[in-house]
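Undergrad: Chains as they are written, first to last, in the numbering used here: chain A, 1 to 139; chain B, 140 to 357; chain C, 358 to 912.
Because the hints were derived from the structure by calculation, they are not lab data. Since the structure is predicted, the reported quantities are computational estimates derived from the model, not experimental observations. Where hints are given, some of them may not hold.
List of simulated lysine-lysine pairs, DSS-like, C-alpha gap at most 27 angstroms [what the hints assert, rightly or not]:
id, chain 1, residue 1, chain 2, residue 2
1, C, Lys894, A, Lys60
2, B, Lys219, A, Lys92
3, A, Lys130, A, Lys60
4, A, Lys92, B, Lys193
5, C, Lys894, A, Lys90
6, A, Lys60, C, Lys470
7, B, Lys212, C, Lys868
8, C, Lys470, A, Lys130
9, A, Lys60, B, Lys212
10, A, Lys60, B, Lys146
11, B, Lys219, C, Lys843
12, C, Lys525, C, Lys501
13, C, Lys843, C, Lys896
14, C, Lys387, C, Lys377
15, A, Lys130, A, Lys90
16, C, Lys843, C, Lys894
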Amino acid sequence: MKVQKATSPNIIAFCCAQSAYQAADAAGFMRLSYPDNIRVIRVPCAGRIDVLHILKAFEKGVDGVLVLGCHEEACRHLLGNIRAKNRVQKAKSLLQEVGIDGRRVEMFTLAPNQGPRFATIASEMTERIKELDSMKPQG
Amino acid sequence: MIIAQRKPLEDIEAMLTGYKKLLVLGCGTCVTICWAGGEKEVAILASQLRLASKKDGNEPLTLEATVERQCEKELVEALKGSVQQVDAVLSTACGAGVQTVAELFPDTPVYPALNTMFVGMPDREGVWLENCRTCGDCFLDRTGGICPIVRCAKGLLNGPCGGTNNGKCEVDPEKDCAWTLIYRRLDQQGRLDLMRKYYPPRNFQAVIRPGKIEALPA
Amino acid sequence: MDKDLKLGIFLCDCGGTLSKDIDFSLIKTKLDKLPDVTFVNIGHGLCLKAAREAMQKDIKDKGIDRVVIAACSPEFCENDFMNVIQAAGLNPYLLSIANIREQCFWAHPDKEKAAQKAIAQIGMAISKARFLEPVEQAEAPVTKEVLVIGGGITGIQTAIELSNLNLKTTLIEKEAALGGKLNRLASLYPIQAIPQELLATKLKQLAERQNIDALTSAELIDISGEVGNFTARIKRGKKELERNFGAIIFTTGYDTKFSNQAYGFELSDIIITPSQLEPMLMSTSEVKEIPGRVCFILDVGDEHSRVSTISALRNALGVRQKFGSEVSILCRNLKVDSATLESFYRDCRSQGVLFIKFDKPPKISNEDGRIRIEVEDILMAGQPISLPCDLLVVEETSVPPRDSDVLSSALNIGLGPQGFYQENNVHLYPTLSNREGIFFAGNCHADLDMMRALTEASNVALNAYQLLSQGKVTVEAERVAIDPGKCRFCLTCIRACPHHAIRDVRVNHEKMVAQIVDLACQGCGICTVVCPAKAIKFKDWSDDQILAELELVEG
Numbered sequence: 001m002k003v004q005k006a007t008s009p010n011i012i013a014f015c016c017a018q019s020a021y022q023a024a025d026a027a028g029f030m031r032l033s034y035p036d037n038i039r040v041i042r043v044p045c046a047g048r049i050d051v052l053h054i055l056k057a058f059e060k061g062v063d064g065v066l067v068l069g070c071h072e073e074a075c076r077h078l079l080g081n082i083r084a085k086n087r088v089q090k091a092k093s094l095l096q097e098v099g100i101d102g103r104r105v106e107m108f109t110l111a112p113n114q115g116p117r118f119a120t121i122a123s124e125m126t127e128r129i130k131e132l133d134s135m136k137p138q139g
Numbered sequence: 140m141i142i143a144q145r146k147p148l149e150d151i152e153a154m155l156t157g158y159k160k161l162l163v164l165g166c167g168t169c170v171t172i173c174w175a176g177g178e179k180e181v182a183i184l185a186s187q188l189r190l191a192s193k194k195d196g197n198e199p200l201t202l203e204a205t206v207e208r209q210c211e212k213e214l215v216e217a218l219k220g221s222v223q224q225v226d227a228v229l230s231t232a233c234g235a236g237v238q239t240v241a242e243l244f245p246d247t248p249v250y251p252a253l254n255t256m257f258v259g260m261p262d263r264e265g266v267w268l269e270n271c272r273t274c275g276d277c278f279l280d281r282t283g284g285i286c287p288i289v290r291c292a293k294g295l296l297n298g299p300c301g302g303t304n305n306g307k308c309e310v311d312p313e314k315d316c317a318w319t320l321i322y323r324r325l326d327q328q329g330r331l332d333l334m335r336k337y338y339p340p341r342n343f344q345a346v347i348r349p350g351k352i353e354a355l356p357a
Numbered sequence: 358m359d360k361d362l363k364l365g366i367f368l369c370d371c372g373g374t375l376s377k378d379i380d381f382s383l384i385k386t387k388l389d390k391l392p393d394v395t396f397v398n399i400g401h402g403l404c405l406k407a408a409r410e411a412m413q414k415d416i417k418d419k420g421i422d423r424v425v426i427a428a429c430s431p432e433f434c435e436n437d438f439m440n441v442i443q444a445a446g447l448n449p450y451l452l453s454i455a456n457i458r459e460q461c462f463w464a465h466p467d468k469e470k471a472a473q474k475a476i477a478q479i480g481m482a483i484s485k486a487r488f489l490e491p492v493e494q495a496e497a498p499v500t501k502e503v504l505v506i507g508g509g510i511t512g513i514q515t516a517i518e519l520s521n522l523n524l525k526t527t528l529i530e531k532e533a534a535l536g537g538k539l540n541r542l543a544s545l546y547p548i549q550a551i552p553q554e555l556l557a558t559k560l561k562q563l564a565e566r567q568n569i570d571a572l573t574s575a576e577l578i579d580i581s582g583e584v585g586n587f588t589a590r591i592k593r594g595k596k597e598l599e600r601n602f603g604a605i606i607f608t609t610g611y612d613t614k615f616s617n618q619a620y621g622f623e624l625s626d627i628i629i630t631p632s633q634l635e636p637m638l639m640s641t642s643e644v645k646e647i648p649g650r651v652c653f654i655l656d657v658g659d660e661h662s663r664v665s666t667i668s669a670l671r672n673a674l675g676v677r678q679k680f681g682s683e684v685s686i687l688c689r690n691l692k693v694d695s696a697t698l699e700s701f702y703r704d705c706r707s708q709g710v711l712f713i714k715f716d717k718p719p720k721i722s723n724e725d726g727r728i729r730i731e732v733e734d735i736l737m738a739g740q741p742i743s744l745p746c747d748l749l750v751v752e753e754t755s756v757p758p759r760d761s762d763v764l765s766s767a768l769n770i771g772l773g774p775q776g777f778y779q780e781n782n783v784h785l786y787p788t789l790s791n792r793e794g795i796f797f798a799g800n801c802h803a804d805l806d807m808m809r810a811l812t813e814a815s816n817v818a819l820n821a822y823q824l825l826s827q828g829k830v831t832v833e834a835e836r837v838a839i840d841p842g843k844c845r846f847c848l849t850c851i852r853a854c855p856h857h858a859i860r861d862v863r864v865n866h867e868k869m870v871a872q873i874v875d876l877a878c879q880g881c882g883i884c885t886v887v888c889p890a891k892a893i894k895f896k897d898w899s900d901d902q903i904l905a906e907l908e909l910v911e912g
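Based on the provided sequences and hints, a complete structural model is requested.
TA: Structural data, given as C-alpha cells:
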C-alpha cells in the first residue's frame, strides 16, 4: 500500500499531441521551471482518453490526473476535446462515489505554443493536490 | 432492445459488504449498447470497487468477464471456473441475465448491478427512449407504427382524449400527444379511415405472466 | 505481451549536454538488469548519421525487436527514428520514445529531481514498448478522377489546374451557364480585365481540354463512400448520373444578401445594392439618368468583409470612370488587408473618390426624390456633414450558398460559425476539410479576394494530385481496426467518427459490422473509446500501452 508523499504528489498528465504535448515542449524550450512530479503520457487526441484510464491511474496510486487538450473549437478532430471534457466530468463523479475528491482530476485546454500556460497548469495542479493531500487522513 | 441503468454505487456496495472475492460479469448485447453493463462498464465498476475499498485495506479480488449474452445457459456455464473462485457474482446484465447466472450457480449469491428499465431504442448518442410495453397484443398496425400504450399518458386505444392541446399532452405538457402523432402519421399514409374505427378494450391477459412460449424444435 | 522480447534501449546525451547533469552509466546499469532488455547504449547525438548507422547495426546484430529511445521530444525525432529502424529491417511502429530533454532537463533546474523524472519517463517508455505491435503498410487503390462542385471562376480555374496535372475532372454547376459572378460583374479586382472577357478566355481553355467534363444545370444529390472511392449522384434535369471520384473539391462560393434590418430601410430606385449597380455599369447607355452624386455606405451592419470593401472601391472607381459622378464612400474602417488593396485605395482617392469615416451610423432620409445623408465625420473631429446624393449603394453581406447546411450534414462536413465550410486549420490547412479527400477552395470557406481564391485553386489541385496521381496510396493497414467478432453494430463509432472514416460492411455473408477505412482514418482514437463493446484496437496507442505507462508512475 503506497504511502502518500505530501511533498511530491504524483501527477499524471495525459497530453494531446496536437496541443498540450507541444506546449510542454515549449515550456522546456523557454526553460520555464515547473514541478518535476508531473509525468506525461502522450496521446494523439484528448478524445483518446477514457474514463477507465483515469480510474486506473488512481488505482495505481496516482494523486492527481490532468487531461490536457486543445481549446474548444480548435480540436482537429472536432469534438475530441469536448468528449474528453465530458469524460472528465464523469470521472469526477465516479471518483466521488468511492470517496476520492473529484478535484483530483481536471481538464484544461491550451494551444501548442502556450508553454507558460502549461507550466502554470502544472504548478497550480500540484498545489491543489498538495492541499487535498494535507486535508485527507494518512493511509 | 432492453434498456437498463446502473444502480447507485452505494446500493451496490451495500449488497457486497463482506465479500472478499467477486466476479463482475457483463453482457455483450443490450446493456453494452445502452452503456450500462458491457465490457467497459464492467471494467469501470470493478475499478471503482477496488478504489472504494483501498482505504480500508480490504481490497476485494475482482475478476472481470463479459459474455456475449448473459441469458444463454451455455455461454454462462463456460464461466464455471471463474465462479468457483469467488464468493459472489455481481452481474451487470438485465434481470434475465442475472437470473440465468443465479440459476446455473445456485451456491453462489448473484447480485444485480443494474435496474432493468424498459424496452426501447436509441434516439441519438446517449439517449434511449421506451417505445414498447410488451403487452403481447400488438396493434401497431392500426396506429401507424406508434404505440399509444407507451406514449399516451392514459394508454388510450381510441384517443385522443379531450385534453389534447396543440399536439401536447394535458397530463404532461412536455410530452407530445401520442394520438396527434398517430393521426398525422395515418394522414401521411392516407389511412385516416382507421381513426373512425372503434377498438374494443385490449386483452390485458394476452400474456399470462410469467410469460412462456413453446415451439417444437424443427 | 510477448515474453521473449529483445528490447534495445538507446540513450542520447544530446551532444554531451545532458550527461553533465545525469550519470547515464548508472541508468544503463539499472536497465541492463531488466530481463527483456538485450542492449543498452549511451550515444552522444542520435541525430548524427554515424550514430544512426551504429544504431541500425546494433539492431541487426543483437536481434533487437523493440526499440526504446531516450532523447529529445518525439515531436521532432519520431518520424526520423521510425525511418531509421525501418531501414534496419524493423517495423517502424516498434518504437517508443522517452522525452528526457524538453520535458525533463530543460524544464527542471534541480538536476537530481530531473534525473529521477528522466528515469521514470524512460521506465514508462519501456513499459509501453512491451505492448507495441507492428503496423504493416498496404496499397489502397484510388480513383484518379476529381469532382469539382461549383462552376464560378474558382471552380473553373481548379478544373484547369487539375487538367494540367493530368487528372480527369468533372465540373458541375447548378446554373445554366458557367462563370458565376463573372457573368454579373462590371469590373474585377485585382485582375485588370473585363470579367466577361476573362470568362470567355477561361471557357475556351476549358473546352480545349479533353479531360474536363463541364456539366451545367447539374446539382449534387449526395456523395457516399470515402476518400479514393467516392460515389457522387448528380441530378441534371430529369436524369440522374452516378460517378466515381477519388477526391471532391467544393468551390461553391457565396451568395449575397442585403440586411434591411441592420440598415432600417428598404431598397428602392435610388437605394440599391452593388449587385444592382453592376449591370448599370456594364451597359451605361441604358441608364436613364446619370446620378450626380453616388454614395457608398459600409459598416452599418456587422463588421464588413474584404469582399464588400473591394466591391465598394471597385464600383466607386467604375462610377467615376463611367458616369463621371461625384463619389463618396462612408465607412467606419476600411479593411485593405489584401494584396495591393492599400494602393488601390490610394488610386481611388487620386481619382476623386471621397472617404468619410464615421463612428455613429449615418442618418439616411428621403428628400424630394433624392437621399440626404447626415453623418459625423470623425476625421473632422465629429463635425456633422449633410450630404445630398442621387444614388446610395448599400453593403451586401456574404452568406453561404443555399443548401450548404443540407450538404454539410449529409456529408458530415463541418460548418464554421457563419455557416461557411470549416477548414481543418485556418492558417495551415485552409483547403482541407475534416474529411480526407474532400477539399475547399475559394469563398465557400473564407472571405477572399479573387487573387487568393485563384491561388487556392492551384493549392487544392495539388492536394488532389498528391492524393491521386499514382492511382494508389500507401496506407497504414489496420492501424485502427474493429474486431468483427466483437462488433455489435450499434453504430456508435460510425456516428462518432469526426472524419466519416467508418463504414458498414457485411462479413461472412450474414453479419453487418463496422469497418474502418484506412485511408480516411486520421488516428484520433475517439472510436476506440466510444465503442461500448471494446471491439476497436488502436495499434500504436492501445489501451494496453497507455495502461502500461501508468505502471511506472511511482518512479
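Undergrad: Would you mind marking each hint as holding or not holding in the structure?
TA: We went through each hint and held it up to the structure:
no. : hint                : in the structure
1   : Lys894/C / Lys60/A  : holds, 23 angstroms
2   : Lys219/B / Lys92/A  : violated, 36 angstroms
3   : Lys130/A / Lys60/A  : holds, 18 angstroms
4   : Lys92/A / Lys193/B  : holds, 18 angstroms
5   : Lys894/C / Lys90/A  : holds, 23 angstroms
6   : Lys60/A / Lys470/C  : holds, 21 angstroms
7   : Lys212/B / Lys868/C : holds, 23 angstroms
8   : Lys470/C / Lys130/A : holds, 18 angstroms
9   : Lys60/A / Lys212/B  : violated, 36 angstroms
10  : Lys60/A / Lys146/B  : holds, 26 angstroms
11  : Lys219/B / Lys843/C : holds, 22 angstroms
12  : Lys525/C / Lys501/C : holds, 7 angstroms
13  : Lys843/C / Lys896/C : holds, 17 angstroms
14  : Lys387/C / Lys377/C : holds, 19 angstroms
15  : Lys130/A / Lys90/A  : holds, 23 angstroms
16  : Lys843/C / Lys894/C : holds, 11 angstroms
Hints 2, 9 from the list above are not met by this structure, while the remaining hints are.
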